[in-house]
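Asks: These protein sequences, in sequence, are chains A and B. Take 1 as the starting number for the first sequence in this note's numbering and just add one per residue. Take 1 as the starting number for the second sequence in this note's numbering and just add one per residue.
Hints are computed from structural coordinates only; laboratory data are not their basis. C-beta atoms are modelled at their ideal positions from N, C-alpha and C, and glycine is treated no differently. A few of these clues could be false.
From chain B, some residues computed to sit far from chain A (all C-beta separations above 10 Å) [unchecked claim]:
| id | residue |
| --- | --- |
| 1 | 10 |
| 2 | 28 |
| 3 | 150 |
| 4 | 171 |
| 5 | 178 |
| 6 | 200 |
| 7 | 232 |
According to the in silico footprint, chain A covers these stretches of chain B (three or more CB under 8 Å from chain A) [stated by the list, open to error]:
| id | stretch |
| --- | --- |
| 8 | 40-46 |
| 9 | 186-194 |
| 10 | 243-253 |
| 11 | 274-286 |
Just a sample of chain A residues kept apart from chain B, beta carbon distances all over 10 Å, derived [claimed, not checked]:
| id | residue |
| --- | --- |
| 12 | 1 |
| 13 | 2 |
| 14 | 4 |
| 15 | 9 |
| 16 | 14 |
| 17 | 30 |
| 18 | 62 |
| 19 | 64 |
| 20 | 68 |
| 21 | 134 |
| 22 | 156 |
| 23 | 164 |
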Amino acid sequence: MKHLSDQELMRIVQGGDFSPASEIYDRYSGRIYNFALRFLKNAEAAEDATQEVFVKMMKHANQFQGDAKLSTWLFSITANWCRDYLRKSDNKAKETEDVLVQLPAPSDQSPDRTLEQRENEALIKRALQALTPEQREAILLSRYQGLSYAEIAQISGCSEGAVKTRVFRAMETLKKALVMDTRGGDRCLTALP
Amino acid sequence: MSDCTALRESMPMLLTESLDAASRETTHLHIESCAACSDEWNALRETWQLLDEVPVVEPPPRLKQRFLAEIGQVETVASNVVPFHRRPATKWLTQAAAVVIIAGGSYFAGHRNTTNNVVPTHANVLRGPEVTSIQPAAYSIAETRTLNSKTLSPNIEGRPDIENVQFVDADPTDGQISLGFDITQHVTVSGAPSDKSMVRLLSYVMQSEDRVSPSRARTIDWVRDTYTKTGNADPEIAQALAKVLRNEQHEGVRIKAIDTLNSLAPKVAVTAEPTRDALIEALKSDPNPAVRLKAVEALARMASSGQQLDPESIDMLRQKANQNDENLYVRVKAAEALSTLSKIRPE
Numbered sequence: 001m002k003h004l005s006d007q008e009l010m011r012i013v014q015g016g017d018f019s020p021a022s023e024i025y026d027r028y029s030g031r032i033y034n035f036a037l038r039f040l041k042n043a044e045a046a047e048d049a050t051q052e053v054f055v056k057m058m059k060h061a062n063q064f065q066g067d068a069k070l071s072t073w074l075f076s077i078t079a080n081w082c083r084d085y086l087r088k089s090d091n092k093a094k095e096t097e098d099v100l101v102q103l104p105a106p107s108d109q110s111p112d113r114t115l116e117q118r119e120n121e122a123l124i125k126r127a128l129q130a131l132t133p134e135q136r137e138a139i140l141l142s143r144y145q146g147l148s149y150a151e152i153a154q155i156s157g158c159s160e161g162a163v164k165t166r167v168f169r170a171m172e173t174l175k176k177a178l179v180m181d182t183r184g185g186d187r188c189l190t191a192l193p
Numbered sequence: 001m002s003d004c005t006a007l008r009e010s011m012p013m014l015l016t017e018s019l020d021a022a023s024r025e026t027t028h029l030h031i032e033s034c035a036a037c038s039d040e041w042n043a044l045r046e047t048w049q050l051l052d053e054v055p056v057v058e059p060p061p062r063l064k065q066r067f068l069a070e071i072g073q074v075e076t077v078a079s080n081v082v083p084f085h086r087r088p089a090t091k092w093l094t095q096a097a098a099v100v101i102i103a104g105g106s107y108f109a110g111h112r113n114t115t116n117n118v119v120p121t122h123a124n125v126l127r128g129p130e131v132t133s134i135q136p137a138a139y140s141i142a143e144t145r146t147l148n149s150k151t152l153s154p155n156i157e158g159r160p161d162i163e164n165v166q167f168v169d170a171d172p173t174d175g176q177i178s179l180g181f182d183i184t185q186h187v188t189v190s191g192a193p194s195d196k197s198m199v200r201l202l203s204y205v206m207q208s209e210d211r212v213s214p215s216r217a218r219t220i221d222w223v224r225d226t227y228t229k230t231g232n233a234d235p236e237i238a239q240a241l242a243k244v245l246r247n248e249q250h251e252g253v254r255i256k257a258i259d260t261l262n263s264l265a266p267k268v269a270v271t272a273e274p275t276r277d278a279l280i281e282a283l284k285s286d287p288n289p290a291v292r293l294k295a296v297e298a299l300a301r302m303a304s305s306g307q308q309l310d311p312e313s314i315d316m317l318r319q320k321a322n323q324n325d326e327n328l329y330v331r332v333k334a335a336e337a338l339s340t341l342s343k344i345r346p347e
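Please work from the sequences and hints to get the whole structure.
Replies: Next up, the structure:
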């Protein structure tokens, strides 16, 4: 299966044979899981999202158009799931606490660097959560998934111009939160609520 | 200035190298000649690089097994943690028994409250020599039935597959809650949170493997909200949470179980022993330091709210406070808990 393209794998699935499921999962689960995790900041919800996105992909494989990119389709389903999740007001407050659940530091890294990295990580996660869901979706797809504005527009159901504005505004907010708006570039650790 | 504004909007595209060559050239030339935009560009680049500090997390391996099992590609693989599945050999029999009990209750309720005739179908006819003598209540499989928890037997036998669990508190002021689920038909049981049938159902759902939704975590959230509000959690709820703490694979859910035990603790004094045992066990052997930390906090809170901590619990706290290879936060919290205890009961 590994030598087959995404489109070839999906054609097999569309024919009613689910045997490529494992290969497709291996190719995309990491990206889908991490997108959902960063979007929702909730590990359980990210697991649910990943599970349901792949199940939906298999069950609605016929909706996939052969000339489309599988990643774009999968991120569309994921983004929809995440938006629905956040729309339910009782889910908004269910962010997972990060304290102490991270992996131990690599042994080749100094404790100071590890501490700094963890502080930065927590700061960035909080900064991402401070964005609007639309801005967060755009910046996550652009920065971490490397998708083009055209692909993001397709996933988010908006124009490329809107994506450009969302990414720009997201970067402005992140810059203010993470980096001081001066030439010194000192970290502003207290900028966030 | 309008040039600056337009060019700054393009800077993120410069970062992703998605500007065409001409625009890229124009933007770079402007950045070199404009101090304000140069500052902006440097700050944006620093921000962009800083975003790399969020690590990529591997999805838990069980997620793939769950997905493949869901689409029928492989059976769920057993992990090193005991899951909540019932024994396969008795699956069909236990489910049949549960259907009889729940449907039997509904039959009783139906005959008390309605004169509707229902048509038997083959959908819930039980097969096999051991159960041929049991006469299940006959309802259409497509029927949705709402039952009053007071009319049901609180005993749930076996481990029936229940799916699509839904919680409803339609009127928060009426003291009634509802729990819906699919078994062979869709059943909704309504009643007061203190009704034994409701308590048993919730305890069962917390320990069930509902493959669709909601996750066990959401069930626990709902249990916490419901019983914190009503202030009269049944001891069985705490016992079910203690079992979740022992058996659940996901550390986030185990933490939720401890938090919920914590929030119920003052209202469920008689459950102190099973709760305390589960917390001690978690502190002793849970692989996740965040769970152990929560367990220490919960034990300390139990003690400070006046519940007796037995010598074993205090020994465990001492052991953790002095254990060199234990997580530092856990050690500190254990020491703090001991300090709190000594203030409450100076020896």
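Asks: Could you check that no beta carbon of chain B comes within 10 Å of the beta carbon of residue 30 of chain A?
Replies: 6 Å, violated
Asks: Would residue 68 of chain A pass as off the interface with chain B, using Cβ distances and a cut of 10 Å?
Replies: Given a closest Cβ separation of 20 Å, the condition holds.
Asks: Verify that the Cβ of residue 9 of chain A lies farther than 10 Å from every Cβ atom of chain B, and report whether the claim holds or is violated.
Replies: 14 Å, holds
Asks: Does residue 28 of chain B sit more than 10 Å from chain A, CB to CB?
Replies: 18 Å, holds
Asks: Is the nearest CB of chain B more than 10 Å from the CB of residue 62 of chain A?
Replies: Fine: 15 Å to the nearest Cβ keeps residue 62 of chain A off the interface.
Asks: Against chain B, does residue 134 of chain A keep a CB gap of more than 10 Å to every residue?
Replies: 15 Å, holds
Asks: Any Cβ of chain A at or closer than 10 Å to residue 171 of chain B, or is the non-interface label fine?
Replies: Check passes; 17 Å lies beyond 10 Å.
Asks: For residue 150 of chain B, is the shortest CB-to-CB distance to chain A above 10 Å, so the non-interface label stands?
Replies: At roughly 28 Å from the nearest Cβ of chain A, residue 150 of chain B sits farther out than 10 Å, so the non-interface label holds.
Asks: Does the claim that residue 164 of chain A lies off the interface hold, with its Cβ farther than 10 Å from every Cβ of chain B?
Replies: About 6 Å separates residue 164 of chain A from the closest Cβ of chain B, which leaves it inside 10 Å; violated.
Asks: Since residue 10 of chain B was said not to touch the interface, does its Cβ keep a gap of more than 10 Å from each Cβ of chain A?
Replies: Non-interface label fails for residue 10 of chain B: nearest chain A Cβ at 8 Å, not farther than 10 Å.
Asks: Would residue 2 of chain A pass as off the interface with chain B, using Cβ distances and a cut of 10 Å?
Replies: Residue 2 of chain A clear of chain B: closest Cβ-Cβ about 16 Å, beyond 10 Å.
Asks: Taking 10 Å as the cut and beta carbons as the points, is residue 200 of chain B off the interface with chain A?
Replies: At roughly 25 Å from the nearest Cβ of chain A, residue 200 of chain B sits farther out than 10 Å, so the non-interface label holds.
This entry does not satisfy hints 1, 9, 11, 17 and 23, going by the numbered hints stated previously.
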